[in-house]
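Participant: Based on the provided sequences and hints, a complete structural model is requested.
Quick note, the sequences are listed as chains A and B, same order. Residue 502 is where the first sequence ends in our numbering, and the numbering goes up by one at each step. Residue 502 is where the second sequence ends in our numbering, and the numbering goes up by one at each step.
Treat the hints with care, since some could be wrong.
Said to hold, decoys possible - Listed next, the in silico DSSO-like pairs over lysine-lysine satisfying Cα-Cα at most 30 Å (straight line):
| no. | chain 1 | residue 1 | chain 2 | residue 2 |
| --- | --- | --- | --- | --- |
| 1 | B | Lys-255 | A | Lys-269 |
| 2 | A | Lys-479 | B | Lys-95 |
| 3 | A | Lys-95 | B | Lys-479 |
| 4 | A | Lys-488 | A | Lys-466 |
| 5 | B | Lys-466 | B | Lys-379 |
| 6 | B | Lys-314 | A | Lys-139 |
| 7 | A | Lys-463 | B | Lys-479 |
| 8 | A | Lys-481 | B | Lys-488 |
| 9 | B | Lys-466 | A | Lys-95 |
| 10 | A | Lys-446 | A | Lys-269 |
| 11 | B | Lys-279 | A | Lys-139 |
| 12 | B | Lys-95 | A | Lys-466 |
| 13 | B | Lys-446 | A | Lys-133 |
| 14 | B | Lys-481 | A | Lys-314 |
| 15 | B | Lys-448 | A | Lys-95 |
| 16 | B | Lys-448 | B | Lys-306 |
| 17 | A | Lys-85 | B | Lys-448 |
| 18 | A | Lys-466 | B | Lys-479 |
| 19 | B | Lys-269 | A | Lys-481 |
| 20 | A | Lys-255 | B | Lys-279 |
| 21 | B | Lys-33 | B | Lys-406 |
| 22 | A | Lys-481 | B | Lys-306 |
| 23 | A | Lys-379 | A | Lys-297 |
| 24 | A | Lys-64 | A | Lys-79 |
| 25 | A | Lys-79 | A | Lys-487 |
| 26 | B | Lys-463 | A | Lys-481 |
| 27 | A | Lys-338 | A | Lys-379 |
| 28 | A | Lys-72 | A | Lys-466 |
| 29 | A | Lys-488 | B | Lys-33 |
| 30 | B | Lys-488 | A | Lys-488 |
| 31 | A | Lys-446 | A | Lys-487 |
| 32 | B | Lys-463 | B | Lys-488 |
| 33 | A | Lys-133 | A | Lys-314 |
| 34 | B | Lys-481 | A | Lys-448 |
| 35 | A | Lys-487 | B | Lys-488 |
| 36 | A | Lys-463 | A | Lys-487 |
| 37 | A | Lys-338 | A | Lys-269 |
| 38 | B | Lys-479 | B | Lys-26 |
| 39 | A | Lys-466 | B | Lys-481 |
| 40 | A | Lys-139 | B | Lys-33 |
Just so you know, these hints were derived from the structure itself, not from any lab. Given the structure is predicted, the values throughout are model-derived calculations rather than measurements.
Number of protein chains: 2
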Amino acid sequence: MTFNFFNVRKLCTTTALYKNVQLTKDRFPNLKRGSYAVVNSTDVDYFTNIVGVNNFISGEEVKSYNEDWLKSVSGFSKYVLKPKTTEQVSSILKYCYERGIAVCIQGGNTGLVGGSVPVFDEVILSTSAMNKIISFNKLSGVLVCQAGCVLENLMNYVQNEGFIMPFDLGAKGTCQIGGNLATNAGGLRLIKYGSLQGSVLGLQAVLADGQVLDCLNTLKKDNTGYHLKHLFIGSEGTLGIITKIAIQCPNAPKFVNASFIGLESFDKVLSFFSLVRKEFSGSLSSFELMDSVAIKSVQKNIGIKCPINDNLKFYVLVELSADNNYINHSIQEFLEKALNKEIILDATVADQPSLIQNLWKIRENIPESLLRYGYVYKYDITLPHENFYEIVPDIRRRLEKLDVKAVCGYGHLGDGNLHLNVATSEHNNEIASAIEPYVYEWTSKYKGSISAEHGIGFLKSKYLKYSKSNLEVDLMRKIKNNIDPKKILNPYKIFPQNDSN
Amino acid sequence: MTFNFFNVRKLCTTTALYKNVQLTKDRFPNLKRGSYAVVNSTDVDYFTNIVGVNNFISGEEVKSYNEDWLKSVSGFSKYVLKPKTTEQVSSILKYCYERGIAVCIQGGNTGLVGGSVPVFDEVILSTSAMNKIISFNKLSGVLVCQAGCVLENLMNYVQNEGFIMPFDLGAKGTCQIGGNLATNAGGLRLIKYGSLQGSVLGLQAVLADGQVLDCLNTLKKDNTGYHLKHLFIGSEGTLGIITKIAIQCPNAPKFVNASFIGLESFDKVLSFFSLVRKEFSGSLSSFELMDSVAIKSVQKNIGIKCPINDNLKFYVLVELSADNNYINHSIQEFLEKALNKEIILDATVADQPSLIQNLWKIRENIPESLLRYGYVYKYDITLPHENFYEIVPDIRRRLEKLDVKAVCGYGHLGDGNLHLNVATSEHNNEIASAIEPYVYEWTSKYKGSISAEHGIGFLKSKYLKYSKSNLEVDLMRKIKNNIDPKKILNPYKIFPQNDSN
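Facilitator: Here it is in structure tokens:
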């Protein structure tokens with residue numbers, strides 16, 4: 002009767018459509034390269050000695066490391082180093098620090114904000130060869146591993162022990178746990194298991210000068226001094242290179258079900274969300290919103306049929322997971338009541354893995370279906386629940402005279418995280434400037450976050466001011482300058498540059 | 002059918018027994034006062050103007066603010082300021098920073114490590130007049146309040162809305178939410194709701210120079226820049242004064258039950274814990290251990306009867322909370338199986354509030370019962386589950402020739418947090434030096450934490466090295482010096498002094 006929790010959701014297989022990637026330095030001509038040393042043949046010898054010939058990449062093979070997954074930015078680094086151990090990372094950084102060589106840190110390179118590829122010719126340090134599971138404690142559920150482990154591999158590993166990872170992403174087949182921490186990844190289980198900051202018990206990081214900071218605590222409670230690990234979670238490789246991780250895995254739930262529900266208005270969606278939280282607080286593992294434009298896009302462009310009345314304005318996907326099967330009976334009764342009271346208009350419930358997977362397919366195929374229009378402007382924002390959807394019709398009105406294929410809103414309503422997408426046939430500067438910085442100003446007005454889970458990276462650095470005050474940025478700079486005074490770690494990322502336009 | 006979750010556990014009413022508190026400066030004669038300005042009459046006028054006559058305390062009334070709850074340390078400050086607003090805190094700190102006046106930050110003053118009272122003549126800034134609830138969002142469960150709100154008041158407030166606070170402490174009737182954050186309080190619900198670091202969405206803090214850092218995010222997801230709030234959570238007032246807080250409250254569970262269980266060995270306790278986690282992972286809200294010495298102490302010194310066979314070696318209190326009453330049936334069936342397999346030897350289950358409260362009384366009265374012996378050496382450590390209890394018999398052997406009344410272990414086994422207590426008739430240096438630093442060395446050897454939830458404060462600063470490496474302490478110092486270069490905030494706390502012996 003146990004439920005295969007992991008394989009319900011399909012790995013997102015979308016590949017971006019744009020093949021010729023303009024160099025970042027050409028796209029942003031006023032951006033200046035920092036005064037870092039240029040790698041010479043002596044450096045190459047040194048690096049090769051440390052990582053070995055097989056883990057030193059140069060030539061044509063470097064190309065894929067220079068470009069991001071969305072093919073929107075590209076650096077022109079000549080070298081990729083793939084250390085296998087913390088000691089090798091330490092030796093590399095010690096050397097780079099002394100020589101003043103800039104380093105770009107790359108995990109699975111699945112980010113959407115240009116954070117994991119070089120901007121100029123930074124040496125790329127890929128964590129992908131640090132992919133060992135170090136230990137798993139069956140009693141405490143604590144997993145310790147190297148930073149380059151692929152998330153899906155870890156999921157499969159702990160699943161065999163009756164546990165799950167406390168987070169799940171579309172990119173799980175490629176993204177690495179180190180990158181997940183470095184970007185404080187959110188994903189599909191946050192409403193149940195909370196932010197990564199709560200699940201990470203400890204980490205080991207190599208500082209800019211090569212010193213190894215060992216906060217690899219495997220204990221749930223430690224109140225001795227400042228909680229330094231939190232500095233590295235979400236700092237996108239600018240403060241240190243995370244090399245090892247200890248993470249608290251929850252026991253796997255035994256029963257899972259999913260409901261696909263149609264509603265007539267966003268007000269009803271909020272009322273319904275409130276009722277679901279009240280009734281199933283501890284069991285609620287996802288509450289995903291999709292508007293009619295998103296559903297139509299999936300139907301039309303991918304050919305997946307909506308399992309309920311397809312003429313409604315809003316749809317939500319509710320996933321519950323629990324230790325007993327009482328939830329199945331309970332959700333059916335609950336939905337019947339909601340139907341009778343006309344809070345919801347239509348619903349279907351699935352409690353078998355294949356049926357649940359079918360419901361998830363609709364939600365998971367939205368990004369892919371929108372890309373089929375040609376080009377997509379993607380925004381990842383958090384807004385208060387009350388204002389969560391307002392921006393979608395607002396942007397629709399704003400763009401109504403322009404050549405736009407679809408404006409839609411979907412995402413993790415349970416966490417207040419909206420994916421606002423504008424699909425067009427091709428990239429168009431007029432449309433771009435009609436959306437930006439308008440979206441960020443709007444988000445800022447409601448005290449939202451301009452980057453809920455994707456981070457700032459390179460591409461959003463100039464918009465950081467919409468979510469962070471000058472004092473916050475100053476404090477961040479102080480910390481950065483203190484820990485990495487030569488600023489060799491992931492330069493041009495997070496902090497606004499003089500000109501990144 | 003809803004369950005009054007909050008009133009199950011009684012506020013800890015123990016008061017310490019020692020009335021004449023030696024001044025800290027006399028107890029640690031080699032400790033040197035920092036070169037801070039001494040408050041003069043001009044300063045007094047300035048402070049009085051800011052907070053008003055009623056919130057400026059001087060004279061005899063200051064005494065209770067100078068002494069900690071355990072009556073183990075005492076400063077000799079002459080003045081207590083009770084600002085009502087962030088702006089007043091800002092004005093006070095700006096002035097103190099310019100003048101070089103040291104400030105001790107005090108919340109409910111319920112700490113056990115001398116962190117909330119002055120060491121010398123620091124001005125005491127009490128947050129107790131900042132006690133307003135600012136907002137509560139019924140949809141998201143986000144509470145925003147001032148730092149001086151008493152935890153129990155917040156519990157009662159959110160309970161009326163169908164929510165609970167994500168943590169609970171014995172000191173809830175006195176401790177303040179700001180102090181809870183400043184010390185990263187743990188408590189009785191951590192196993193279910195995790196560390197405070199995961200539940201705090203945002204905070205506002207006043208920096209040493211009076212600047213107001215506003216990270217008062219009320220959103221679940223925000224990946225824009227470094228997560229600065231985590232610097233302040235657990236930094237014990239040394240980096241800033243927390244003035245406002247946004248915290249994510251979970252929906253209240255509808256059903257709660259508690260089981261009191263007897264076992265014959267610690268191995269069986271661990272096996273049982275593993276089974277409980279597997280069976281009730283999402284519902285498990287407490288897993289508390291008590292050894293036979295602790296139970297005998299409660300029976301003998303308080304007169305509370307053990308509800309099951311009182312001749313067993315170990316007892317655990319398991320609390321489950323869930324959204325449906327299936328757990329009641331489920332735990333009974335589960336315990337019967339465990340009895341048949343002789344994993345456990347005796348058990349009783351309670352699902353009514355008064356009965357649950359009776360079971361909790363045993364656990365809650367352990368500290369008080371031990372104090373009745375005369376004096377108690379208290380240690381609050383985290384250890385790996387495998388080694389959790391080993392230290393108790395080890396210390397027992399070590400002290401067997403000395404005049405010791407009881408050596409017992411109890412605490413939050415679910416979180417790996419052991420309260421090791423040694424009761425004697427009176428304080429005795431020979432016994433003290435037989436325990437310390439032995440306990441800390443032992444804990445360090447197993448990579449445990451020498452302070453699981455109580456923090457470092459003043460009293461444990463010299464032991465910080467047993468849980469933190471030199472590099473970690475260096476990095477902490479860098480951050481401290483950067484944010485508070487004149488070191489006026491809570492001096493002599495956390496960081497080891499030249500001589501705090």
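Participant: State for each hint whether it applies.
Facilitator: The hints, checked one at a time:
For the hint pairing B:Lys-255 with A:Lys-269, the CA-to-CA distance comes to about 25 Å; that is within 30 Å, so the pair holds. Among the hinted pairs, A:Lys-479 with B:Lys-95 is consistent with the structure: their alpha-carbon atoms are about 20 Å apart, no more than 30 Å. For the hint pairing A:Lys-95 with B:Lys-479, the CA-to-CA distance comes to about 20 Å; that is within 30 Å, so the pair holds. At most 30 Å may separate the alpha-carbon atoms for a hinted pair to count; A:Lys-488 and A:Lys-466 meet this at roughly 21 Å.
As the CA atoms of B:Lys-466 and B:Lys-379 are separated by approximately 19 Å, the hinted pair is consistent with the 30 Å bound. With a CA separation close to 25 Å, the supplied pair B:Lys-314 and A:Lys-139 stays within the 30 Å bound. Note on A:Lys-463 and B:Lys-479: the hinted pairing holds, with a Cα-Cα distance of about 28 Å set against a maximum of 30 Å. Only pairs whose Cα atoms come within 30 Å are accepted, and A:Lys-481 paired with B:Lys-488 is accepted, the gap being roughly 20 Å.
Proximity of B:Lys-466 to A:Lys-95 is assessed by CA-CA distance (about 25 Å); at most 30 Å being required, the pair is judged to hold. Pair hint A:Lys-446 plus A:Lys-269 holds up; C-alpha atoms about 24 Å apart against a cutoff of 30 Å. In summary, the hint linking B:Lys-279 to A:Lys-139 is supported, as the alpha carbons are separated by about 10 Å, within the 30 Å threshold. At roughly 25 Å between alpha-carbon atoms, B:Lys-95 and A:Lys-466 fall within 30 Å of each other, so this suggested pair holds.
Only pairs whose Cα atoms come within 30 Å are accepted, and B:Lys-446 paired with A:Lys-133 is accepted, the gap being roughly 25 Å. A threshold of 30 Å between alpha carbons decides the hint, and for B:Lys-481 with A:Lys-314 the separation of about 53 Å lies outside it, so the pair is violated. For the suggested pair B:Lys-448 and A:Lys-95, the alpha carbons sit about 27 Å apart, so the restraint of at most 30 Å is met. At roughly 37 Å between alpha-carbon atoms, B:Lys-448 and B:Lys-306 are farther apart than 30 Å, so this suggested pair is violated.
Simply put, A:Lys-85 and B:Lys-448 have alpha-carbon atoms about 25 Å apart, close enough for the 30 Å limit, and the pair holds. For the proposed pair A:Lys-466 and B:Lys-479, the alpha carbon gap of about 26 Å is at most 30 Å, so the pair holds. Distance restraint check for B:Lys-269 and A:Lys-481: the Cα-Cα separation of roughly 49 Å exceeds the 30 Å cut-off, and the hinted pair is therefore not satisfied. Between the alpha carbons of A:Lys-255 and B:Lys-279 the distance comes to roughly 9 Å, so the proposed pair stays at or under 30 Å and holds.
The suggested pairing of B:Lys-33 with B:Lys-406 is violated, with an alpha-carbon distance near 36 Å, which exceeds 30 Å. The suggested pairing of A:Lys-481 with B:Lys-306 is violated, with an alpha-carbon distance near 58 Å, which exceeds 30 Å. Restraint check: the Cα-Cα separation between A:Lys-379 and A:Lys-297 comes to about 18 Å, which is no more than 30 Å; the hinted pair holds. Only pairs whose Cα atoms come within 30 Å are accepted, and A:Lys-64 paired with A:Lys-79 is accepted, the gap being roughly 9 Å.
Under the criterion of a C-alpha separation no larger than 30 Å, the hint pairing A:Lys-79 with A:Lys-487 is consistent with the structure, at around 21 Å. Taken as a hint, the B:Lys-463 and A:Lys-481 pair is honoured in the structure, with Cα atoms around 29 Å apart against an allowance of 30 Å. Taken as a hint, the A:Lys-338 and A:Lys-379 pair is broken in the structure, with Cα atoms around 37 Å apart against an allowance of 30 Å. Straight-line distance between C-alpha atoms of A:Lys-72 and A:Lys-466 comes to about 25 Å, which keeps the hinted pair within the 30 Å bound.
Of the supplied pair hints, the one linking A:Lys-488 and B:Lys-33 is violated, its CA atoms being roughly 38 Å apart against a limit of 30 Å. For the given pair, B:Lys-488 sits about 27 Å from A:Lys-488 by alpha-carbon distance, which is consistent with the 30 Å threshold. Using a Cα cut-off of 30 Å, the hinted pair A:Lys-446 and A:Lys-487 is violated, with the two alpha carbons roughly 36 Å apart. Among the hinted pairs, B:Lys-463 with B:Lys-488 is consistent with the structure: their alpha-carbon atoms are about 18 Å apart, no more than 30 Å.
For the given pair, A:Lys-133 sits about 47 Å from A:Lys-314 by alpha-carbon distance, which is inconsistent with the 30 Å threshold. Taking the CA atoms of B:Lys-481 and A:Lys-448, the gap is near 29 Å; set against the 30 Å cutoff, the hint holds. Distance check on the hinted pair: A:Lys-487 and B:Lys-488 sit about 26 Å apart at the alpha-carbon level, within 30 Å; holds. In summary, the hint linking A:Lys-463 to A:Lys-487 is supported, as the alpha carbons are separated by about 22 Å, within the 30 Å threshold.
Taken as a hint, the A:Lys-338 and A:Lys-269 pair is honoured in the structure, with Cα atoms around 14 Å apart against an allowance of 30 Å. Restraint check: the Cα-Cα separation between B:Lys-479 and B:Lys-26 comes to about 27 Å, which is no more than 30 Å; the hinted pair holds. Straight-line distance between C-alpha atoms of A:Lys-466 and B:Lys-481 comes to about 25 Å, which keeps the hinted pair within the 30 Å bound. A hinted pair counts as satisfied when its Cα atoms are at most 30 Å apart, and A:Lys-139 with B:Lys-33 does not qualify at roughly 48 Å.
The structure is inconsistent with the numbered hints 14, 16, 19, 21, 22, 27, 29, 31, 33, 40, although it conforms to all the rest.
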